[in-house]
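Protein chains: 2
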Amino acid sequence: MQKNRGILTVVSGFSGSGKGTMMKELMKKHEGQYALSVSATTRAPRAGERDGVEYFFRTREAFEQMIAEDALIEYAQYVGNYYGTPKAYVEEQLEAGKDVILEIEIQGALKIKEKFPDALLLFVTPPSAAELKKRLVGRGTEGADVIDSRLARAVLEAEGVEQYDFLVVNDVLEESVEMLHQIIQSEHHRVSRRLGAIYKMKEELKGFAK
Amino acid sequence: MQKNRGILTVVSGFSGSGKGTMMKELMKKHEGQYALSVSATTRAPRAGERDGVEYFFRTREAFEQMIAEDALIEYAQYVGNYYGTPKAYVEEQLEAGKDVILEIEIQGALKIKEKFPDALLLFVTPPSAAELKKRLVGRGTEGADVIDSRLARAVLEAEGVEQYDFLVVNDVLEESVEMLHQIIQSEHHRVSRRLGAIYKMKEELKGFAK
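Here the protein sequences come in this chain order: H and U. Residue numbers for the first sequence follow numbering that gives the first Met the number 0, so the first one is 0 and each next one is one higher. Residue numbers for the second sequence follow numbering that gives the first Met the number 0, so the first one is 0 and each next one is one higher.
Worth flagging that the hints you see were computed from the coordinates, not collected in a lab. None of the values given here were measured: they were computed from a predicted structure. A portion of the hints provided could be inaccurate.
Given that identical chains are not distinguished, each listed pair holds provided it fits within a single copy or across any two copies.
The calculated BS3-like cross-link candidates involving lysine-lysine, where the alpha carbons are at most 27 Å apart (straight line), are [as the list claims (entries may be wrong)]:
{"hint": "1", "residue 1": "LYS112", "residue 2": "LYS133"}
{"hint": "2", "residue 1": "LYS201", "residue 2": "LYS86"}
{"hint": "3", "residue 1": "LYS97", "residue 2": "LYS112"}
{"hint": "4", "residue 1": "LYS132", "residue 2": "LYS86"}
{"hint": "5", "residue 1": "LYS23", "residue 2": "LYS110"}
{"hint": "6", "residue 1": "LYS205", "residue 2": "LYS110"}
{"hint": "7", "residue 1": "LYS133", "residue 2": "LYS199"}
{"hint": "8", "residue 1": "LYS132", "residue 2": "LYS205"}
{"hint": "9", "residue 1": "LYS205", "residue 2": "LYS86"}
{"hint": "10", "residue 1": "LYS23", "residue 2": "LYS205"}
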């Protein structure tokens with residue numbers, strides 16, 4: 000059967016879930032199979048950040064032009080700057096059969112699911128709340144107020160997770176990366192993504208049976 | 000997180016798809032993870048068939064008693080005999096965390112999905128219609144009428160496949176068995192199957208954040 004179109008895969012997760020490291024490992028271990036979507040932003044590059052790698056750095060005017068042209072899958076403002084996902088690159092990669100990974104928070108992810116019902120939504124979580132707390136608290140250098148605000152943010156970060164497709168528990172990095180890979184690859188065999196192949200086979204069989 | 004309940008997995012497919020061999024391989028390669036459901040029937044055992052292995056062989060009275068007691072997940076009559084899936088064994092295995100494989104045709108499978116929306120429906124197919132025809136035609140010993148009736152049956156066997164969850168193409172046996180395994184295991188991470196764990200984590204985080 001012919002090559003499937005890639006799957007738009009949105010990954011969210013708690014700060015401290017280790018999802019950034021997981022994505023890097025996934026790209027490294029299964030090179031050529033995945034493409035990581037690069038966001039556009041109006042914020043200034045930080046030291047070492049390269050245009051087109053960490054972000055596409057754009058002026059406010061250029062960004063608003065993209066909004067006007069419906070050239071973004073989703074966008075949001077955060078602390079006075081725009082952040083968004085350019086549509087063209089994602090479409091290109093999907094067409095080429097690559098699974099495109101988009102790392103964004105839940106609210107943006109749910110907006111994407113509305114526009115692209117075929118998108119796959121994955122949520123990464125540490126093995127337990129206690130483990131997450133441990134990671135958020137850090138190495139004892141932060142004050143109680145910083146810790147409290149991190150925990151409060153974690154509660155907010157999980158708002159809406161019930162609408163996600165899959166939960167990936169990140170305990171042992173190598174295992175959770177493989178789990179992520181298997182979940183996405185299994186999804187290629189979903190009947191709703193293979194209807195074309197199914198109809199083709201049925202037609203051919205009917206032809207034979209005549 | 001605690002052990003998941005097993006997944007009721009229904010496997011259907013064309014005659015000639017090789018699904019029987021796939022199931023045997025799956026059981027062998029991942030022993031302890033899966034349980035194959037054994038059907039009950041009123042037909043007489045054939046040479047070599049053992050009660051409780053190939054089938055539970057039951058009298059017509061005993062079978063109708065099971066129907067009356069709602070002790071079957073599904074049942075049907077075929078050429079004057081009853082065939083059905085005893086509920087108790089399946090429930091036991093699912094509770095023990097085993098994924099229970101049920102090999103039945105599409106119409107029975109869709110009835111199961113209605114009663115158990117959590118059931119996973121998989122359809123096994125050869126790589127192409129031409130390959131299926133080749134397998135159905137056999138080694139040139141059958142007449143044209145036998146071949147025609149096999150092809151006509153294949154068309155019927157695919158009726159309703161659009162309502163299935165996954166399509167597994169059986170080309171290279173070892174690969175397709177692994178694919179089947181990955182699809183079922185990925186399904187354990189589906190958010191709708193992990194809601195308990197998610198609520199627990201959220202409650203614990205809220206407790207920490209106070």
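Open item on the list: For LYS205 and LYS110, with the copy left unspecified, which applies at a CA distance of at most 27 Å: within, between, both, or neither?
Closed with: The answer is between: 26 Å across copies meets 27 Å, while 42 Å in one copy does not.
Open item on the list: As a check of your reading, is LYS23 near LYS205 (CA-CA no more than 27 Å) within one copy, between copies, both or neither?
Closed with: This pair counts as neither: shortest intra-copy Cα distance 47 Å, inter-copy 30 Å.
TODO: Up to 27 Å between alpha-carbons, please classify LYS205 paired with LYS86: within, between, both or neither.
DONE: neither (40 Å within a copy, 37 Å between copies)
- [ ] Could you place LYS23 and LYS110 in one of the four classes (within, between, both, neither) given a Cα distance threshold of 27 Å?
- [x] within (25 Å within a copy, 43 Å between copies)
Open item on the list: I want to check one pair: LYS97 and LYS112. Are their C-alpha atoms no more than 27 Å apart within a copy, between two copies, both, or neither?
Closed with: within (18 Å within a copy, 32 Å between copies)
- [ ] Evaluate LYS132 and LYS86 at a C-alpha cut-off of 27 Å and name the case that applies: within, between, both or neither.
- [x] neither (36 Å within a copy, 43 Å between copies)
- [ ] Could you figure out if LYS132 and LYS205 sit no more than 27 Å apart (CA to CA) within one copy, between two copies, both or neither?
- [x] between (60 Å within a copy, 11 Å between copies)
Open item on the list: One pair to classify: LYS133 and LYS199, alpha carbons no more than 27 Å apart. Within, between, both, or neither?
Closed with: Result: close only across copies, 17 Å inter versus 53 Å intra.
Task: Status of LYS133 relative to LYS112 across identical chains (alpha carbons, at most 27 Å) - done: Neither, since 32 Å and 42 Å both go past 27 Å.
Open item on the list: With identical chains, the pair LYS201 and LYS86 could be close in the same copy or across copies; at 27 Å between alpha carbons, which is it: within, between, both, or neither?
Closed with: neither (35 Å within a copy, 33 Å between copies)
The structure fails hints 1, 2, 4, 9, 10 (numbered hints given earlier, in ascending order).
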